[in-house]
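Now that you have both chains on their own, put them together as the hints suggest.
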Amino acid sequence: MPETPVACPDCDLLQHVPLLPPRGKALCRRCGKVLATDKPGANERTLALAVGAAIVFANALPLMGLSAARREVDTTIIGGAWMMWQEGQQLTAALVALCAVVAPAVYIGIIVVLLAVRIYSPAPLWVGELLHWGELAREWAMTEVMMLGVLVALVKIADLATVVIGVGIFATGVLIALITMVAVNFDSGKIWTQVQWTTVDAQSLPNPTPAIDYQGVKK
Amino acid sequence: MQALCAFVKTPGHTRATNYCPRCGNELAFRRHEAMERTWALIIAAAICYVPANLLPVMTSITAMGAQADTIIGGVILLYRTGSWHLALIVLIASVIIPLTKLFALAYLLITVQRCSAKSNRERAQLYRLVEFIGRWSMLDVFVIAFVVALVQLKPLMAAQPRYGILFFAAVVILTIFASQSFDPRLIWDSANKMEERNE
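So the sequences go chain by chain: A and B. Following the working numbering from start to finish, the first sequence increments by one per residue and tops out at 219. Following the working numbering from start to finish, the second sequence increments by one per residue and tops out at 1199.
Just chain B, same shape as in the assembly (with noise of 0.2 Å):
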């Protein structure tokens, strides 16, 4: 069993031996039901990533008239403004990476779920590949706020944000939530029984 501060020690008997003599949290084997937590927080982010590419994120309104962009239409419109460096940043960190993060850990469950005990070491690589993109997701979200900040010259131009930038948000938030709440020990679990059959 093992606690917060990662100290290590053989379960007690008694639920009031089972605190870390340290830090003085409850040592647990696992993260609390980390295959049921998961799975709800992908399921959510996949709901909310509908909306957040359907609905417009932000508004501009020029001296040619107010339009209305998804997170798409922000990459074509960068694209065709010239840089196309910064479109394929953005539409890594947009599209491509909350995509990955919720495909992997969806692939991570399913794997673990039928007992796969094939490619665990590469399993645990793609769950860190996932935990380390997880951040770049909120890209799109500070790019807007800077926007709209700054864009406040009214009657001339001004930019508005609009909902599609908070179920974007919400997608951002719920697969970081998803990639902590699942527990890559899991992944070595059928390794492990099989080691034990073996033996």
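Chain A with its partners taken away, still in its complex shape (with noise of 0.2 Å):
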């Protein structure tokens, strides 16, 4: 099958990546850019880590609780975006529930139905709209950013109350690990290859692109 080539994203360069050593990156020769990187077994972990984090998935265990004057009260996340819309911050409470409950969840789902569908070849179309959301839901699905926000808070209500850190914690510990090695480990150049074409004529399909600098030499 010929080669083509590829665009970087970043800065548009055209250039081939050549066939990479085990474990090889390919960064652009102009920007410095990863095109591509080279993941034996990548998918394969990639579903089991995608179907650990769905288990894990911690939205329902209570985070932290508070207890003072023999007084207890503890909560979720969803509990925290709940109770900003209740005090009349909808907008806020929303975009708190899509970073830290919604994309990351349709971020896993999108991942486990990728790679369970990914043994037929060719894939069905759909499978290329499932990677725009993937990609989409990676850029808000915020899980780290929002266990800092809990670590912070925690802090700052502990000046007030005793503050008892709940099983939710941990399990959302596990989750960011989870996810994150979720989003290194996916290879989805190697599902791209695998999604079958829409129209196949003869003209559209890669021919050699004049005016191209292949390798960045300069004449």
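The calculated DSS-like cross-link candidates involving lysine-lysine, where the alpha carbons are at most 25 Å apart (straight line), are: (1) K25/A to K190/A; (2) K1118/B to K33/A; (3) K190/A to K39/A; (4) K33/A to K1193/B; (5) K1118/B to K1193/B; (6) K190/A to K33/A.
Don't read these hints as lab results, they were simulated from the structure.
This is the structure in structure tokens:
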């Protein structure tokens, strides 16, 4: 199969990505952007991690509790967004829910589905659509920022009352580790190569493109 | 021309041929109207930045009375209560990162408009840095959400979100959109033109 040139997503220089050695990496020779990485067995590992993340998904577990004057309150991630909504900050509440719950859940869900249908080659068309949505969900999933937010909130509240750390905090910690590993290991390029083509007419197939600085060599 | 799935092809003559045969999306040379959109978004973010810092983000009601905190007030309070590490983290996330994003994007836009061809690689790295740090300014929004959710022991103590946090969230979202709408390929355009002229 003829190799097609790759345009650097950051600076548009057209280059050929050479066959990479195991764990090798190809950088754009002009701007230094990572163009491709070889990750042996990446998607098998990612599937395992994503299923693990889906199991741990920690929204229902109490993150922390507060006790003062013999009264106790505890809260979850969704509880935080819900309380903000009730206090009249609907937009901010929606944003918290999106970044802390919806986007991570959608991201894990999409990854699991993508890796499950990966065995069909060529993959059905909607796989391409899902890859876009997965990319979007990953940008808005901010579990690691949320975890730091929880820790700062803990310290702030510790002045006022006794804080009881819930099991949810540990679950969230595990979740962050898993999501990060999923994002690092996931190899979307491999899945793109399996996606079925909508129209295969001869003219639109990659033909030798003129005026390309293939290797970036100065004439 | 390039599609979302990174498929590259030469531009066709008719509109119908300018679609990716693999993912079906429209092929594009560039992000649409990158300069205009990015300028609009960072100006909007800069405007929201003023009320975000002047208005209180949270009111806490304790036995000592009600106290309204701004973003900076929250940092100072954390510093006074002894955890300067956390105060530093919040200061970086809530003050330094949003300002860095605004100034860095404005700098990138201005250098592109002035057709600068200097330090392209550094500017490309600056853009990647802006994209990487962007999400961390959400920190204070999460902090307020959790404090408000937990400190609900009425009438003993309570915490309420205030409108400052709405404007602050707006700054965060607008700057994230701004860095997404900027097209880093623009950085390399003047260098390309110079090379063509020299050949």
